[in-house]
Every structure is written in C-alpha cells, then in structure tokens.
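J.: Starting from the given sequences, assemble the full structure and let the hints guide the process.
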Amino acid sequence: MPTTAPHALSDVTASDGTLRRFLHGLPGVDAVGLEARAASLGTRSIKTTAKAYAIDLAISMVDLTTLEGADTPGKVRALGAKAVRPDPTDRTTPATAAVCVYPDMVATAKEAVAGSTVKVASVATAFPAGRAPIAVKLADVREAVAAGADEIDMVIDRGAFLAGHYLKVYDEITAVKEACGTSARLKVIFETGELSTYDNIRRASWLGMLAGADFIKTSTGKVAVNATPANTLLMLEAVRDFRAQTGVQVGVKPAGGIRTSKDAIKFLVLVNETAGEDWLDNHWFRFGASSLLNDLLMQRQKLATGRYSGPDYVTVD
Amino acid sequence: MEKRTSAFEYAPAPESRAIVDIAPSYGLFIDGEFTEAADGKVFKTVSPSTEEVLAEVAEAGEADVDRAVKAARKAFEKWSALPGAERAKYLFRIARIIQERSRELAVLETLDNGKPIRETRDADLPLVAAHFFYYAGWADKLDHAGYGADPRPLGVAGQVIPWNFPLLMLAWKIAPALATGNTVVLKPAETTPLSALFFADVCRQAGLPKGVVNIITGDGRAGAALIAHPDVNKVAFTGSTAVGKEIARTVAGTRKKLTLELGGKGANIVFDDAPIDQAVEGIVNGIFFNQGQVCCAGSRLLVQESIHDELLDSLKRRLTTLRLGDPLDKNTDIGAINSAEQLARITALADLGEAEGAERWSPACDLPESGYWFAPTLFTNVTQAHTVARDEIFGPVLSVLTFRTPDEAVAKANNTPYGLSAGIWTEKGSRILAVANKLRAGVVWSNTFNKFDPTSPFGGYKESGFGREGGRHGLEAYLDV
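Protein chains in written order, with the numbering used here: chain H, 1 to 317; chain R, 1 to 481.
Treat the hints as calculated values from the structure; they're not laboratory data.
For each residue, glycine too, the CB sits at the ideal point set by N, CA and C.
One or more of the hints may lead you astray.
To be verified - Among chain R residues calculated to face chain H with C-beta under 8 Å, some are:
| # | residue |
| --- | --- |
| 1 | Phe-8 |
| 2 | Arg-118 |
| 3 | Asp-273 |
| 4 | Pro-275 |
| 5 | Thr-321 |
| 6 | Asn-331 |
| 7 | Trp-361 |
| 8 | Ala-411 |
| 9 | Glu-427 |
T.: What follows is the structure in structure tokens.
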C-alpha cells in the first residue's frame with residue numbers, strides 16, 4: 001500500500017490551492033438523489049441462504065468496540081473473548097474482525113485475542129475530538145502501535161477541514177500514516193455528522209485516500225449523527241472511483257448507530273451494489289459497533305433453530 | 001471466515017400470489033353488474049413473465065359499448081346533481097379501499113403487466129390512491145378552481161387507457177372525471193384488463209351508484225366504437241401517437257371534447273457539472289423504469305462531451321447491477337416486456353439501430369426461458385439521424401448522444417416530433433432555469449426523473465398530444481369552461 005498519493009494524483013497535493021481546486025472539482029452530490037438511492041437499496045429483500053450468509057459476513061466484519069472512560073482490563077478481556085468466540089453455544093460462528101479499544105488498553109486486548117484471527121484496533125490521535133497538538137497525536141499513535149495495535153483509527157481535525165485548510169489535514173494524515181509504519185493499517189475517521197454536507201464528505205473521503213488511508217470511516221460514534229446508509233453509500237462511491245482512478249483499494253467502515261441485523265444487512269447491500277463484491281470481506285469493510293453483534297447472534301440462532309431466543313442467550317458486553 | 005467465491009447472491013424473495021383471487025373468467029362491468037358480451041366473445045389475458053393464461057375476459061362489441069354508454073348517460077343525471085361533497089365521499093372511500101387492498105392490487109398488476117412488484121408496490125399503488133384522494137379534495141371546491149362559478153360537467157366520458165400503467169392511468173382518468181360530476185365508460189388495454197375489473201369491484205365495495213363507472217374490455221375495435229359513440233361527450237386517450245391521430249380524425253367535427261396523451265422521446269440532458277452518481281441513477285430510472293415502457297421515458301441521453309466517457313463507464317457499471325427476472329420477486333429491478341408484439345417491436349428497432357451503425361451494449365444478463373424479455377440496452381455513437389434517436393422504442397433501450405454547449409443541448413433536445421418530458425442534470429441552479437425555459441416539453445425534471453404527483457399537471461407538446469392531466473389543470477378537461 002503506497003504511503004503517498006498515487007503518482008497520477010501526486011501534483012494535486014502540491015499546495016493548499018491545488019488541493020482545494022481538486023477537491024472542489026469533484027462531482028457534486030445531490031442530497032435528494034443520494035438518499036433516495038440509499039433508501040431504495042434498503043428495500044432489497046434478503047432471506048434464507050442470502051440472510052444466513054449476510055449474517056455471518058456481518059459478524060466477521062464487526063469491530064467490537066468499547067470506548068468508555070470506565071473501561072477496565074476486565075472489560076477489555078471479556079470483549080476480546082467474545083470477539084474470538086462470539087457464540088459459545090455454536091462454534092461455527094465466525095470471529096469478529098477486531099476489537100477496538102483506547103490506546104492504553106491495546107496490550108490487554110492483544111493478550112485477550114492472542115492466537116486468533118481477531119485484530120486489535122485502537123483509536124489514537126486524541127479520540128474523539130482530535131483537539132491536541134500533532135506531537136501528542138503522533139505519540140498516541142506510536143504508543144498504540146508499540147503495544148501491538150494492528151489498526152489505528154484516527155480522527156481528522158474537523159476544524160481545519162471546515163476552515164478549508166485541507167493541506168493541514170492532509171499533512172496530519174500522512175504523518176499518522178508514517179507513524180503507523182508497516183505493521184498497522186490506518187482508518188481515517190471524518191466525523192461525518194460534523195462535516196454537515198455530503199459534498200464535504202466526498203471531499204474528505206478523497207482527501208483521506210490521497211493521504212494514504214487504508215480505510216475511511218464515517219464517525220466516532222460519539223456525536224448525534226453517525227453512520228447512515230446515505231453517507232456510507234457516498235463513501236463507497238468514493239472508494240470505488242478512487243480505485244478506478246489509481247488502482248488502490250481502500251476500505252470503508254461505517255460506525256455508530258448500526259444496532260440491528262436488518263440495518264447491517266442493508267449496509268451489505270450497499271456494499272454489494274455500489275463498490276462491488278471485492279469489498280465484501282472484513283479486509284475491506286467493517287462495522288464499528290458494540291450492540292450490533294448480539295442482534296446478529298440472536299438472528300443467527302433464530303435461523304438455526306427456527307425460534308427467537310432472547311438477550312439471555314447471548315453474552316452481555 | 002472462508003470467502004465465498006460467488007457474489008452476495010440474494011435468495012429469491014417472491015411476493016405470494018395467494019393474496020389475489022383471480023377468477024377463471026370476467027364479464028364486462030356495465031351499470032354496476034358484470035355481464036357477458038352480447039355475442040359471447042371472450043379473449044385471454046396472459047402473464048408476460050410466464051405466458052401463463054390468467055383469465056378469460058369478455059370482448060365488448062358495439063352493442064356492449066352502446067349499453068355501457070347508455071348506463072353512464074342514465075347515471076349522469078343523478079351523479080352530476082349530487083353536491084360536490086357527496087361525490088367526494090365516494091372518491092375518498094375508493095381511495096381508502098385502494099389503500100387497504102394495495103398489496104392485492106400490486107400483485108395483480110405485476111401478474112398481468114409483467115412489471116416488478118417493487119414498482120407496483122412502491123410507485124403505482126401509492127400514486128393511484130393519491131390521485132383519488134387529491135381529486136376527492138377538489139370535488140366540493142370546483143367553484144374555486146379558476147374556471148368560474150359553478151362549472152358544469154360534460155356528461156359521459158369515454159376513456160381509453162394503455163397497458164404500461166393500467167391502474168395508474170385508470171386513476172388519472174376516472175378520478176378527475178368523477179370529481180367533476182361526469183360518468184365514465186373506460187376501456188383498459190387488451191393485454192392488461194384485470195386491474196380495471198378489480199377496480200370495478202372496488203367501486204361496488206364503495207357503494208358507488210350503478211352506471212357511474214363502467215368498464216368494457218376488448219381490443220382497439222371496442223375502443224374505436226366507444227370513441228365514435230354519438231352519446232359520448234368527452235374522449236380521453238393515453239396511448240400511441242398513431243392511434244391518437246386516428247382518434248383525432250374520428251372526433252374532428254363532433255362536439256366531443258378531446259385530450260390526448262401520446263408518445264414521447266424524452267431528452268435527459270447531463271451537463272459536465274452534474275452530480276454524476278445521482279445522474280446515473282436518474283438515467284437508469286428515466287429509461288429502465290417499467291422496462292422503458294413509459295411515454296415520458298428519458299430515452300435520449302444527451303451528455304456533455306467532456307464527461308461522456310466517465311459517465312458511460314459509470315452507467316455501464318450500474319447497469320451490471322440491475323436485476324432482471326421474476327417480477328414478483330421483491331429484488332427484481334427489470335421485469336418482463338408486456339407482450340410478444342411489443343417485444344417484437346423493441347427487437348426490430350434495436351436491430352435497426354445496430355444496422356444503422358450505432359454501437360450496441362447490454363450487461364451480461366440471463367433472460368428467462370418463457371415470457372417476453374429484453375435486456376437493458378445502450379446505444380452509443382448515436383446521432384440525430386439515427387432511427388433510435390427519433391422513433392419511440394417504448395422499451396429498455398437508451399440512445400446516447402453528445403453535445404458541447406447548452407445551446408446545442410437545447411437544439412438537440414427539441415429536435416423531435418415529440419414533446420412530453422425532459423430532464424436536466426447540473427449543480428448550477430441558474431442553468432436549470434435557463435435551459436428548462438427553452439425546452440419544448442410538458443414536464444421538465446431537474447436533477448431527478450420520472451417523478452409523478454397528483455398535484456402536478458402532466459401532458460405534451462407537438463405529437464405528444466394536448467390537454468393536461470393531474471393538478472388543477474386536469475379538471476379543465478372534464479368541465480364545460
């Protein structure tokens with residue numbers, strides 16, 4: 001994965017001016033049309049074998065997340081165990097993609113998932129506000145990587161973005177990417193709810209990808225508006241177009257507010273029909289969620305047994 | 001988890017047809033009763049997606065048409081004398097029954113017409129109910145419609161509708177006619193008579209007085225007899241331009257009032273600053289909605305040269321995700337062509353496009369073995385001189401042309417014998433207004449396509465017909481003003 005902008009687009013990051021002209025030259029987004037398309041894909045009916053496949057796929061894409069001030073090592077260990085073995089009553093249940101924790105919990109999480117396919121992701125860079133000096137953010141990232149994080153989820157400086165200082169945002173992402181080194185993949189969080197327009201979300205997507213993001217991610221889950229079908233559809237269009245133009249594939253991670261299997265399946269339909277099946281695995285698509293997993297497990301049990309169980313038949317946390 | 005080698009395959013999710021009870025045979029609906037045709041003739045209606053015979057339907061002859069018109073004439077006296085608020089009650093009741101039975105009607109329409117359940121369920125039926133609600137609202141406010149105090153109904157309306165939106169076209173015709181105090185004799189198309197016959201049942205359920213709505217089924221001969229009947233005061237027709245011209249000749253010199261809603265060859269103009277992804281959706285919706293069997297379809301795509309390649313790449317990629325197949329499956333985007341005859345017409349015109357040198361493209365697509373199917377098709381390198389850019393194909397076939405300047409776009413868009421619809425795609429609001437004012441088309445959509453609403457008038461210029469349906473304007477065609 002190249003750490004700098006692909007050659008064909010390298011000159012757009014020559015200055016703030018060239019970058020602004022490039023980002024503002026991207027095709028506009030018609031909000032009504034975008035939301036209508038997202039809604040119409042939401043009416044696809046996924047049943048039986050397709051549903052069973054979708055549920056397992058969704059489970060395998062979950063970044064099981066705990067991002068609370070009250071997190072304890074015990075809680076993180078429990079989360080790790082659940083990520084490795086989401087349903088102890090049915091060992092055919094796939095593991096989740098990753099556990100996502102604060103940097104100081106990376107080492108604990110790493111131990112908890114040792115020997116499994118589950119990755120450890122860490123929200124570094126002064127999550128969730130991102131309001132810290134760049135040196136602090138980079139130190140945050142380096143600590144997490146040193147503790148064994150496989151993935152870094154960074155937040156962009158929304159203030160700089162909204163002020164039009166695109167090059168500043170770009171430089172920060174490239175610096176973080178460098179700090180990730182070769183061992184950690186970088187997810188760039190835009191906090192789409194704070195970017196306020198769809199045009200801005202498309203620009204942020206391209207900015208992130210130009211700067212070397214391995215994943216683009218909607219939000220922190222800490223604000224009022226998080227992942228929506230429409231903003232995820234828009235980001236899927238961006239990664240699709242970016243690959244068409246540069247050959248570089250970037251992943252997408254909607255985060256926050258996806259709580260039910262039905263919702264998750266709608267997102268998978270968006271992936272399937274927008275970016276395509278190349279994105280239909282957990283290397284390229286993730287769900288940032290904590291409560292989603294239990295609903296997926298209950299739906300999975302329902303498909304297996306024909307009956308709904310209930311919250312006491314899946315593990316808490 | 002192990003990666004599946006195939007794509008995310010949606011399992012079939014067909015809507016149950018058990019909800020519709022189709023009788024083996026249907027009569028004509030005259031004076032509130034179902035009756036056989038006087039000479040006992042019948043014809044069959046088939047499901048275009050399977051070629052299965054759905055039912056036998058009575059074929060009306062001249063004597064039947066005469067009976068229906070007489071019934072409507074008799075009912076007119078009482079119906080037109082009712083206060084508007086009373087007529088409104090019946091219309092509201094019909095609208096509510098349609099809502100209650102919408103799932104049944106959606107499945108029926110899909111079976112008889114071949115269009116996807118996604119469209120009948122999400123577009124047709126809600127609009128059908130909306131039209132009845134909308135005109136129910138006008139029934140007691142005709143004094144305030146802008147046509148003077150106490151405008152009078154015309155009498156008996158003879159209405160002939162096409163097979164592409166059987167129930168919706170019925171609603172467009174019957175709702176304003178009844179709201180204004182007219183009575184009707186309606187003839188649905190011979191390939192899609194069932195939903196109109198179910199509507200007859202809805203009228204009975206609503207307690208509508210006998211004779212106010214009469215439904216006669218049959219082919220063009222029944223339609224011709226209806227239109228020529230001396231006791232019909234108003235003729236409303238939606239269908240092909242050729243038949244429309246014939247009707248205009250028949251009606252000429254009589255005192256009958258006439259509205260025609262005919263063919264089209266709508267231009268969908270995409271400027272280089274358009275929201276590309278949404279424009280692609282709009283293009284798809286413009287030409288592949290109802291398999292392109294839409295008179296206002298955006299069948300000519302005019303693309304600014306600078307974005308031609310990029311847009312075509314996006315469009316082709318999008319077409320590969322269209323799902324063609326069982327129309328009752330909720331995941332189906334493209335259903336069957338309505339009849340073998342229509343399929344032959346589309347096939348012939350598409351072949352002609354190829355023979356004339358346009359470049360033909362379709363996504364890889366398996367067509368079912370039985371039924372009438374046509375893969376979504378694009379023609380590029382098309383010029384104004386190609387037949388596929390001039391003739392209405394009425395199928396899922398899009399002709400792509402290019403332009404360099406807004407003036408050229410307008411000139412090309414208007415260079416057609418038709419004038420029903422057009423679309424403009426640009427992020428620049430001033431350009432939308434400037435271009436829309438120059439387009440000779442009855443409906444101009446901006447940054448959207450194929451959107452219908454009962455409050456919005458619809459109709460054409462030039463060979464696309466005259467008169468307006470929908471909105472306040474739609475009342476005029478049924479009033480003596």
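J.: Hint by hint, say whether it matches the structure.
T.: Hints, verified against the model:
Taken as an interface hint, Phe-8/R checks out: its beta carbon lies about 4 Å from the nearest beta carbon of chain H, inside 8 Å. About 7 Å separates the beta-carbon of Arg-118/R from the nearest beta-carbon of chain H, less than 8 Å, and the hint is met. Nearest Cβ of chain H to the Cβ of Asp-273/R: about 7 Å, under the 8 Å cut. The hint holds. A least Cβ separation of about 4 Å between Pro-275/R and chain H falls short of the 8 Å threshold, and the interface hint therefore holds.
Nearest Cβ of chain H to the Cβ of Thr-321/R: about 5 Å, under the 8 Å cut. The hint holds. Look at Asn-331/R: its Cβ gets to within about 5 Å of chain H, closer than 8 Å, so that hint holds up. The beta carbon of Trp-361/R comes no nearer than 18 Å to any beta carbon in chain H, farther than 8 Å, and the hint placing it at the interface is violated. Because the closest C-beta pair between Ala-411/R and chain H is about 26 Å apart, greater than 8 Å, the hint is violated.
For the restraint placing Glu-427/R at the interface with chain H, the shortest Cβ-Cβ distance is roughly 4 Å, inside the 8 Å limit, so the hint holds.
Figure legend: structure checked against the earlier numbered hints; hints not met, in rising order: 7, 8.
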